[in-house]
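K.L.:
Letter by letter, the chains look like this.
Number of protein chains: 6
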Amino acid sequence: MIVAFGEALLRLCPPGHQRVEQATTFEIEIGGAELNTAVGLVRLGREVSWVSRVPDSPLGQMVRQRVRSLGVDDSHIINGSGRQGLYYLEQGAAPRASSIIYDRADSAMARLKSTELDWPKIIPPHGWLHVTGITAAICPDSVRAAIAAAKAADARISFDLNYRSKLWSVEEAGRVLGEMIPFCDLLFASENDAKLLFGIQGSLSEIAERFQVKSIATMRRESQSLWRDRIHATGWHDGKTIQTEPIEVEVVDRIGTGDAFAAGVIHGAIDDEFERSLQTGTAMAALAHTIPGDLLLVTKDEVDAVMKGAGLRIRR
Amino acid sequence: MIVAFGEALLRLCPPGHQRVEQATTFEIEIGGAELNTAVGLVRLGREVSWVSRVPDSPLGQMVRQRVRSLGVDDSHIINGSGRQGLYYLEQGAAPRASSIIYDRADSAMARLKSTELDWPKIIPPHGWLHVTGITAAICPDSVRAAIAAAKAADARISFDLNYRSKLWSVEEAGRVLGEMIPFCDLLFASENDAKLLFGIQGSLSEIAERFQVKSIATMRRESQSLWRDRIHATGWHDGKTIQTEPIEVEVVDRIGTGDAFAAGVIHGAIDDEFERSLQTGTAMAALAHTIPGDLLLVTKDEVDAVMKGAGLRIRR
Amino acid sequence: MIVAFGEALLRLCPPGHQRVEQATTFEIEIGGAELNTAVGLVRLGREVSWVSRVPDSPLGQMVRQRVRSLGVDDSHIINGSGRQGLYYLEQGAAPRASSIIYDRADSAMARLKSTELDWPKIIPPHGWLHVTGITAAICPDSVRAAIAAAKAADARISFDLNYRSKLWSVEEAGRVLGEMIPFCDLLFASENDAKLLFGIQGSLSEIAERFQVKSIATMRRESQSLWRDRIHATGWHDGKTIQTEPIEVEVVDRIGTGDAFAAGVIHGAIDDEFERSLQTGTAMAALAHTIPGDLLLVTKDEVDAVMKGAGLRIRR
Amino acid sequence: MIVAFGEALLRLCPPGHQRVEQATTFEIEIGGAELNTAVGLVRLGREVSWVSRVPDSPLGQMVRQRVRSLGVDDSHIINGSGRQGLYYLEQGAAPRASSIIYDRADSAMARLKSTELDWPKIIPPHGWLHVTGITAAICPDSVRAAIAAAKAADARISFDLNYRSKLWSVEEAGRVLGEMIPFCDLLFASENDAKLLFGIQGSLSEIAERFQVKSIATMRRESQSLWRDRIHATGWHDGKTIQTEPIEVEVVDRIGTGDAFAAGVIHGAIDDEFERSLQTGTAMAALAHTIPGDLLLVTKDEVDAVMKGAGLRIRR
Amino acid sequence: MIVAFGEALLRLCPPGHQRVEQATTFEIEIGGAELNTAVGLVRLGREVSWVSRVPDSPLGQMVRQRVRSLGVDDSHIINGSGRQGLYYLEQGAAPRASSIIYDRADSAMARLKSTELDWPKIIPPHGWLHVTGITAAICPDSVRAAIAAAKAADARISFDLNYRSKLWSVEEAGRVLGEMIPFCDLLFASENDAKLLFGIQGSLSEIAERFQVKSIATMRRESQSLWRDRIHATGWHDGKTIQTEPIEVEVVDRIGTGDAFAAGVIHGAIDDEFERSLQTGTAMAALAHTIPGDLLLVTKDEVDAVMKGAGLRIRR
Amino acid sequence: MIVAFGEALLRLCPPGHQRVEQATTFEIEIGGAELNTAVGLVRLGREVSWVSRVPDSPLGQMVRQRVRSLGVDDSHIINGSGRQGLYYLEQGAAPRASSIIYDRADSAMARLKSTELDWPKIIPPHGWLHVTGITAAICPDSVRAAIAAAKAADARISFDLNYRSKLWSVEEAGRVLGEMIPFCDLLFASENDAKLLFGIQGSLSEIAERFQVKSIATMRRESQSLWRDRIHATGWHDGKTIQTEPIEVEVVDRIGTGDAFAAGVIHGAIDDEFERSLQTGTAMAALAHTIPGDLLLVTKDEVDAVMKGAGLRIRR
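Chains as they are written, first to last, in this note's numbering: chain C, 90 to 405; chain H, 90 to 405; chain B, 90 to 405; chain S, 90 to 405; chain L, 90 to 405; chain F, 90 to 405.
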């Protein structure tokens with residue numbers, strides 16, 4: 090059983106490439122970094138429990154239903170006061186970048202007290218805990234408690250830096266995350282975040298050494314445009330740097346693709362197949378670009394097909 | 090020039106009679122008690138300035154654009170920090186009542202400081218100030234400042250009780266509103282609010298006497314259902330109680346109908362035609378039931394037609 | 090073979106009960122008085138040719154496709170210069186009447202020259218010609234030529250007054266229609282039009298006598314509201330006045346219901362069953378109220394079911 | 090734990106009151122008699138497992154996700170060959186009845202073999218089994234096996250006749266259902282079905298006597314129209330006939346209202362409160378009329394509010 | 090007169106790039122290999138009759154209306170029992186291929202008996218018959234009867250292999266099609282199908298020799314992606330291989346593009362202009378990529394413009 | 090204060106890449122060459138008044154609301170008789186060009202009399218007048234009056250040739266525009282128009298010399314496709330030719346991009362920074378490609394970001 094701990098936001102997006110100011114309808118999606126990864130792992134056949142706190146309202150109900158529908162265990166989601174966090178998304182087109190307006194302050198999750206969740210009961214022995222810097226920003230004490238419980242249960246820990254400047258300062262994030270990373274078995278770190286938070290410019294090995302992390306993975310994109318991309322993965326494991334073949338993608342929805350990558354890598358890492366885990370992650374991320382919404386609605390067969398380079402003929 | 094002071098919320102509503110939990114899109118409207126009244130007054134030919142504080146974001150921009158498009162003066166809207174308040178609306182059907190989930194805490198308007206607006210400059214001599222209990226709950230000091238400035242400018246004041254239990258307690262509201270009402274020239278008070286806030290059960294005259302208000306108006310509905318209604322107005326003025334003929338309505342959208350009533354009554358009250366003002370208010374409220382969204386998109390001709398009982402044949 | 094002669098307009102309607110000024114999309118329908126009747130007759134099993142002139146553009150193409158799809162013969166539709174006439178429709182709700190903004194000047198049909206159509210070839214011997222006052226306003230000479238050809242072919246003629254004040258004055262309409270009606274075998278005349286055009290206030294017999302018309306039919310509604318109605322028919326034939334039982338209707342779309350009535354009556358009149366023709370007309374009109382758009386998409390079975398009072402249980 | 094056994098169909102419905110022949114989009118819902126009841130029971134706080142067979146395809150996946158999202162246990166749903174059954178729905182308006190076109194032959198459920206489900210393991214001791222005549226028509230042997238297992242487990246059984254003429258003849262249905270009913274503890278039987286299948290015209294007591302059923306419940310409607318209705322329940326229990334107060338409803342969606350009624354009655358019957366069970370059933374059915382789709386998305390609070398006659402004011 | 094014989098399916102497609110499992114609406118199109126070709130030929134100015142069997146239901150009515158609206162003759166479409174075949178389409182994006190789920194078993198067409206159609210009356214002397222391997226799989230005897238009648242009427246025959254693995258095995262298809270092809274004047278064969286069915290790997294000439302076919306045409310694509318493509322045609326005629334210039338396409342909808350190619354080639358082949366026929370076919374296929382739905386809604390002018398390389402400036 | 094003088098059309102566009110003939114809805118936008126430029130200038134911080142004549146109808150109201158909402162001054166828009174001009178837009182995909190069907194004859198603007206507008210009052214001293222060849226075609230006398238008033242007020246004048254063949258002949262346009270251009274300070278001229286109207290093939294300097302214009306600007310595109318483009322600007326000023334760096338664009342909506350270019354160039358020209366004005370114009374045009382509708386809904390920050398080459402990372 091994998092435990093993913095984080096918040097789900099309601100995503101409100103004007104149709105097509107409309108701007109928020111001209112919108113008369115919003116399309117609704119549910120997403121959240123750890124939840125996206127949880128869904129991806131379920132699609133790969135894993136059992137995952139998503140731990141969160143949602144408001145006691147139809148919006149919290151909406152989140153819980155979506156989680157349950159996708160086969161993610163909801164038994165450790167707690168209901169409580171506070172609002173449903175949300176974000177507004179404008180889909181861009183070159184040279185106009187996509188943009189996100191967050192409205193997540195004082196959410197049910199932000200009000201989570203570190204005593205509300207009984208971590209030793211939540212994390213099973215020899216399980217896996219996945220968490221990101223977003224949750225660390227919102228509920229640092231709960232993340233510390235979760236990490237401690239994971240260590241006590243001999244569970245492995247994966248951590249995605251995911252620095253969000255709206256949530257905390259670089260200094261604060263660097264300090265808090267710097268304390269958490271040494272407990273990780275698998276770290277997801279973009280070059281940007283590594284540089285911003287820790288001043289690390291160079292190779293992944295530098296991060297590995299600094300924080301004594303066994304495995305590091307990062308997804309890279311060569312954005313020629315917003316509608317097409319080419320992605321590949323770089324990883325560091327057991328002292329070696331590994332690269333995957335790039336995959337060409339046509340972009341339907343960019344949100345959540347890093348989380349899909351994490352799902353693929355964790356899936357492989359559980360079985361201690363690191364090289365294959367990077368390939369799975371790249372394929373997962375590639376597919377995530379082709380699906381509307383944050384959540385990765387693919388089948389294992391489709392992931393395998395991408396990994397084999399199965400081509401683009403209509404499947405009948 | 091009429092000055093209306095209040096907040097606009099973003100209204101998110103699932104299409105048709107869908108529940109929020111099953112929605113995949115939200116229809117977007119903009120509304121707010123005083124803004125709704127402002128728009129109604131512009132439709133009747135008045136000049137109105139709507140005073141508010143909106144977030145410095147595409148959402149605040151959306152609000153401002155809507156206000157401007159409808160011919161309401163926006164020169165006293167200020168931009169600032171804080172979020173865009175919003176509410177989720179579920180349209181009901183008998184026996185399921187419609188329901189609203191507010192998400193308005195910590196909005197740009199809620200962060201308004203009483204020193205941010207220069208009321209003596211905003212309210213013109215012999216003008217008119219309109220405000221409701223909602224704004225009084227959110228920014229009581231600013232409302233007090235506005236009332237003081239109105240009095241100083243020899244402007245008349247209309248006030249709509251509009252008690253919202255999510256914003257404040259009955260006790261708090263009764264105390265604050267009880268201090269403000271005596272300054273009003275025209276009070277809008279539902280029976281429910283009068284009873285709840287001031288323990289006044291009986292006729293409007295009792296309120297008038299207690300608070301020394303010259304004119305009181307209230308809209309009443311005989312809700313047999315959510316899709317049809319029959320509305321009429323009762324008013325108290327110069328010691329007399331006045332009733333209007335009821336109007337049958339087919340209900341497209343119930344939100345903002347009380348504010349439309351207020352617009353009609355204020356319009357008449359400005360010209361000191363109280364009986365006609367109630368009739369105009371009833372016609373405005375009736376038409377407001379037939380238009381999607383909070384805002385009253387009617388023409389003066391249509392209001393006149395309803396007041397004359399012009400019938401339902403297609404206008405070609 | 091029945092020949093219906095008239096114009097089709099593009100109908101642009103904001104969704105739901107939106108006003109045109111707030112619309113961001115229009116729903117598209119095709120309609121026209123004689124075309125609506127033609128479609129109704131095809132549904133009852135008759136062969137009908139609709140004669141018209143449409144613009145040489147994708148919009149004219151759209152009209153022709155719709156006509157063809159519904160099994161109406163299009164072999165006498167001619168293409169030509171001029172624009173596609175259109176109208177904007179706002180669906181009302183009590184007490185706000187529905188309203189229509191016409192934009193039909195200088196249409197392809199309005200440019201029809203009376204020599205463009207070879208009426209003796211179009212109207213078959215012993216056939217039936219149907220036309221309305223709308224076409225008489227737009228192309229009076231062509232209507233005269235059609236009537237002459239019908240008479241020469243021993244075809245019967247039905248005429249629906251359908252006075253439209255935007256197209257011509259009462260005086261002009263009264264004069265032109267007054268000359269045409271005596272050639273009719275079956276006249277559709279609302280009380281309103283009879284009074285307006287000919288000053289006839291009383292019973293249908295007065296019209297019959299004045300213009301020497303054999304049969305007259307009129308649909309009446311007891312509009313308590315825009316969403317519910319009760320309709321019945323009154324007819325005059327062979328010196329007798331006939332009434333049908335009223336039918337309760339829930340109103341989805343009111344446009345074209347009079348044309349559906351005409352279809353039902355003509356259908357019966359062809360077989361010289363006048364009383365039944367009124368019943369069929371009432372049933373057709375009732376069903377037309379329940380279908381979005383101008384065109385009557387029903388089956389003969391459904392018409393029979395309404396005439397038998399078959400009830401409202403779900404048909405599975 | 091309640092066990093509901095049946096099939097879910099995909100429902101394809103043109104928007105608004107469009108006819109299928111004019112549709113360019115279909116709105117998608119999932120529904121099925123026993124599933125609808127299962128969802129209603131979950132909403133009332135019961136644990137329910139829905140037993141079915143769904144196709145091994147994205148459509149079967151869609152069904153399973155919907156079931157899971159609503160908190161219904163899916164652990165006894167099996168995947169298999171065969172198609173996803175579906176039906177097309179046209180929403181009517183008086184005098185045009187709504188109509189359904191079924192397309193369910195050779196579905197995954199229709200291919201269920203009676204040996205595929207291990208009923209003794211599915212039905213817990215002292216549990217409850219709910220099934221309808223629809224499932225009895227499609228998989229009679231499996232229904233017999235389920236009933237036998239329920240009896241063996243000392244579970245109670247509820248059965249809804251739900252005769253569907255497209256699935257089997259009156260004779261066949263009468264014979265098969267006649268054998269099953271005597272095992273029921275609670276029977277749902279419309280007057281229509283009782284008469285059609287068993288020639289029973291009179292009171293519920295006659296059915297009770299004939300089949301030795303302890304409790305019978307039926308929902309009755311006084312359909313004045315398709316958009317408004319008044320419903321109440323009649324029950325027979327312990328030799329007494331019981332009636333509930335009628336509830337006025339505004340109809341958003343009629344499909345699944347009988348199944349919602351069954352949920353309410355079963356909920357009460359489990360606690361042996363028969364009179365209250367009828368009231369709960371009526372309230373559930375009333376609410377089901379107000380919600381788009383087959384499935385009953387209400388809260389327990391809303392059911393209580395209807396039972397108390399809480400009124401139609403907006404809930405804020 | 091060209092006779093096209095085949096089935097039309099209802100196509101249900103989630104909007105945008107949604108997956109079926111997440112869809113809440115389906116967009117509806119009508120399509121079928123031979124029907125698509127028929128529509129393309131009508132657009133090029135040919136008279137075409139489409140022969141098929143459709144269900145006696147609103148769905149069959151929908152198909153017939155669509156056929157008629159596009160100017161295809163429907164006088165040989167027969168109504169009958171059986172369901173409306175359908176397919177679900179998921180539009181992909183690289184690296185996720187588009188996918189189709191067929192649901193066409195036991196359709197009205199599949200129930201066609203070879204005696205139901207009077208082929209000698211359907212196929213006019215010196216006419217043209219077009220059919221594909223799909224129809225050969227569903228109604229082999231009827232195809233044989235049609236071919237025989239065509240031969241007897243001295244009509245030419247075109248055949249598109251169109252192998253569908255869900256309909257029959259490679260062996261069965263190879264055997265049946267192998268007997269039919271020798272009667273063809275014009276064969277459409279993809280490299281894939283040629284290899285799969287007949288083990289022919291090489292050039293088109295090998296097929297021509299094996300089956301004694303005069304003309305063979307095939308469309309080729311260089312799929313770099315799902316949203317852009319470059320297509321050209323290769324043909325074999327009179328012992329010569331011919332190639333067309335490639336055309337760059339932006340892909341709106343890929344379905345039916347091969348059928349559009351066939352329409353263009355048949356159009357030229359009727360006039361015995363084989364080289365031009367390939368160019369027309371390529372232009373038709375290119376345009377078909379740009380139009381939503383299976384059916385080719387273009388004008389002759391647009392086809393000519395593409396053949397002349399007219400450029401991409403807005404046509405005003 | 091900048092004064093822009095022109096007409097706004099209603100744009101009716103089928104969703105996605107649908108053809109008009111298959112549409113069942115139209116998406117509504119408002120646009121017009123000078124209005125588009127006016128909106129762009131407001132976005133850059135300028136004060137702009139748009140001068141026009143709109144119909145006295147909900148459609149004219151819709152135009153006025155849109156203008157007002159975007160912060161453009163509407164105090165010189167007059168209401169009057171005549172229809173609302175409109176155009177139908179089909180969005181193409183290579184090799185199918187986009188196409189526009191105009192329906193603008195006899196619009197309210199076309200009925201503008203040159204005496205209706207008091208130009209000396211409209212154009213402020215030392216202001217700026219912007220007008221295009223479209224307005225010159227529709228209301229030549231009013232354009233002459235506006236130019237005269239501008240000259241008298243010492244205002245600068247910008248003119249965009251914008252030749253539309255549907256409005257007037259090349260000869261007529263060449264003659265009328267040839268007389269107007271010499272009064273311009275800044276001319277926008279595409280190579281195509283320059284050649285067509287004045288037979289000028291070569292460089293911009295030739296136009297400058299012929300008409301004694303100080304500054305000329307033109308936007309150029311290297312259309313490889315309809316969905317991607319690369320644009321840059323060429324200008325001629327003070328005897329020098331200037332080029333901007335090309336910008337890669339992903340095309341959401343091409344309409345109004347030339348007008349956005351004009352806005353950027355005028356913005357710079359007002360401050361006498363010609364080189365920068367071309368860069369601003371190119372950035373504005375690039376952004377205009379990414380926004381649905383004719384109107385340029387961007388922020389000054391976004392324009393600056395494009396000019397700095399800020400990249401495509403999501404802005405959070």
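Derived from the structure by calculation, the hints contain no laboratory data. Be aware that a few hints might be false.
Given that identical chains are not distinguished, each listed pair holds provided it fits within a single copy or across any two copies.
[Unchecked claim] Think about it this way: if two alpha-carbon atoms lie no more than 35 Å apart in a straight line, the pair counts; the simulated DSBU-like pairs of lysine-lysine are: (1) LYS397 <-> LYS210; (2) LYS202 <-> LYS397; (3) LYS255 <-> LYS397; (4) LYS202 <-> LYS329; (5) LYS210 <-> LYS389; (6) LYS255 <-> LYS202; (7) LYS389 <-> LYS329; (8) LYS284 <-> LYS202; (9) LYS389 <-> LYS202.
K.L.:
Reference check for the pair LYS397 and LYS210, CA-CA at most 35 Å: within, between, both, or neither?
P.N.:
The answer is neither: 40 Å in one copy and 41 Å across copies each exceed 35 Å.
K.L.:
Taking 35 Å as the upper bound on the Cα-Cα distance, should LYS202 and LYS329 be classified as within, between, both, or neither?
P.N.:
neither (40 Å within a copy, 55 Å between copies)
K.L.:
Given identical chains, is LYS389 near LYS329, meaning Cα to Cα at most 35 Å, within a copy, between copies, both, or neither?
P.N.:
For LYS389 and LYS329, the Cα distance is within 35 Å only inside one copy (28 Å; across copies 47 Å).
K.L.:
Can you tell me if LYS255 and LYS202 fall within 35 Å by alpha carbon in one copy, between copies, both or neither?
P.N.:
both (21 Å within a copy, 24 Å between copies)
K.L.:
Can you give me the call for LYS255 and LYS397, within, between, both or neither, at a CA distance of at most 35 Å?
P.N.:
Intra 40 Å, inter 23 Å, cutoff 35 Å: inter-copy only.
K.L.:
Checking LYS389 and LYS202: alpha-carbon separation at most 35 Å within a copy, between copies, both or neither?
P.N.:
between (37 Å within a copy, 28 Å between copies)
K.L.:
35 Å Cα cut-off: does LYS202 pair with LYS397 within a copy, between copies, both or neither?
P.N.:
Classified as neither: same-chain Cα gap 46 Å, cross-chain 37 Å, threshold 35 Å.
K.L.:
Treating 35 Å as the Cα threshold, decide for LYS210 and LYS389: within, between, both or neither.
P.N.:
For LYS210 and LYS389, the Cα distance is within 35 Å both inside one copy (30 Å) and across copies (30 Å).
K.L.:
Treating 35 Å as the Cα threshold, decide for LYS284 and LYS202: within, between, both or neither.
P.N.:
within (31 Å within a copy, 40 Å between copies)
Checked against the numbered hints given earlier, the structure breaks hints 1, 2 and 4 and satisfies all the rest.
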